[in-house]
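Asks: So the chains spell out like this:
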Amino acid sequence: MILASQMLAGHIHAGPVETWATILTVAATAVAGDVLTAGAMRRIGDLDAIRAKAGLGGAIRAVTSSPMFLLGVLSMAVSFFSLLFTLSNVEVSLAAPASASLTFLGNAFAAKIFLKENVDRRRWLAAIFVCAGVFLLAK
Amino acid sequence: MKHTLSPQRYLILLAVMLTASVGDTLLSHGMTQVGPVTLAHLGMLLAAIRNPWVITGILCLLGFFASYLTALSWADLTFVLPSTAFGYVVVALLSKFWLHETITLYRWAGILLIVCGVGFVANGPSLTPHEPRHAVEEPAPEGESAVTGGTR
Chain A
965 MILASQMLAG
975 HIHAGPVETW
985 ATILTVAATA
995 VAGDVLTAGA
1005 MRRIGDLDAI
1015 RAKAGLGGAI
1025 RAVTSSPMFL
1035 LGVLSMAVSF
1045 FSLLFTLSNV
1055 EVSLAAPASA
1065 SLTFLGNAFA
1075 AKIFLKENVD
1085 RRRWLAAIFV
1095 CAGVFLLAK
Chain Z
2 MKHTLSPQRY
12 LILLAVMLTA
22 SVGDTLLSHG
32 MTQVGPVTLA
42 HLGMLLAAIR
52 NPWVITGILC
62 LLGFFASYLT
72 ALSWADLTFV
82 LPSTAFGYVV
92 VALLSKFWLH
102 ETITLYRWAG
112 ILLIVCGVGF
122 VANGPSLTPH
132 EPRHAVEEPA
142 PEGESAVTGG
152 TR
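Chains as they are written, first to last, in the working numbering: chain A, 965 to 1103; chain Z, 2 to 153.
Since the hints were derived computationally from the structure, they do not count as laboratory data.
Certain hints may be false.
Said to hold, decoys possible - Across the chosen pairs, the derived CB separations fall in these ranges:
#1 Q9(Z) - L1035(A): 27 to 33 Å
#2 S1057(A) - A41(Z): 20 to 26 Å
#3 L988(A) - Y107(Z): 21 to 27 Å
#4 S1057(A) - L100(Z): 15 to 21 Å
#5 N124(Z) - F1078(A): 23 to 29 Å
Backbone N, C-alpha and C fix where the C-beta goes; we use that ideal spot for every residue, glycine too.
If we strip away everything but chain A, and leave its shape as in the complex, we get:
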């Protein structure tokens, strides 16, 4: 995805406010997409069980008829296009790892608040380690 954005985007430098505003937009819409999708899957129930009962078609119907899932996919699409926009204004070496890392941390917060997941110390550590790891990996 980042590869395609790099190919489509030019490189113009933005000020720090615009830089972080666009990066935060990418992360926030990505978190919204992940949380909405996860929430939708929780409501729909175990896909393995649905597939066993209703077949693959039934499982696909159950997923695609959920408005929450469609809203999640829409958020993911908005996040992708925000990333394209961000990459045309901000250097990829900052934009890609910063937005990916913020998405991981944001997801841990959002999962705790909206999905009521039990984000214990182990999961917080995982979110922080993965966030730092993704940042280093993209350097």
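Starting from the known structure of chain A, arrange chain Z on it as the hints suggest.
Replies: Just chain Z now, with coordinates in the frame of chain A:
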């Protein structure tokens, strides 16, 4: 609440990790064959989707989305996401051993941190048990209707 996952579910998580990274690497390999795409030459994208590497990459990414959604239907988001991050590690290793790219010390450190992060959650419970008294259980009937809707 049983916290251990069945072997089939571990396979789905493995598919989440592998399909995303293999798909990205295949797309990357295919796009280097197609050449740079610019806004002035968007027609190149049509050439791209005829490239066998790009087609296989897209199929892998479709497989990723299907296995990711399946995993989210029985595991927490904060359990599944670190697995998706493990895909970054697979991409880095694939780019080193298949595309012969160099991995810097920073990247090795990043790989180590992600592996540790995945290790933390992999040992813990995969799903938060929600008691019926919780407000979050309200959507349950809708979930059931989705199942019956699919059975019809």
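Asks: A separate judgement is required for each hint: does it hold in the structure or not?
Replies: Each hint tested on the structure:
no.: 1; hint: Q9(Z) - L1035(A): 27 to 33 Å; verdict: holds (30 Å)
no.: 2; hint: S1057(A) - A41(Z): 20 to 26 Å; verdict: holds (25 Å)
no.: 3; hint: L988(A) - Y107(Z): 21 to 27 Å; verdict: holds (24 Å)
no.: 4; hint: S1057(A) - L100(Z): 15 to 21 Å; verdict: holds (19 Å)
no.: 5; hint: N124(Z) - F1078(A): 23 to 29 Å; verdict: holds (25 Å)
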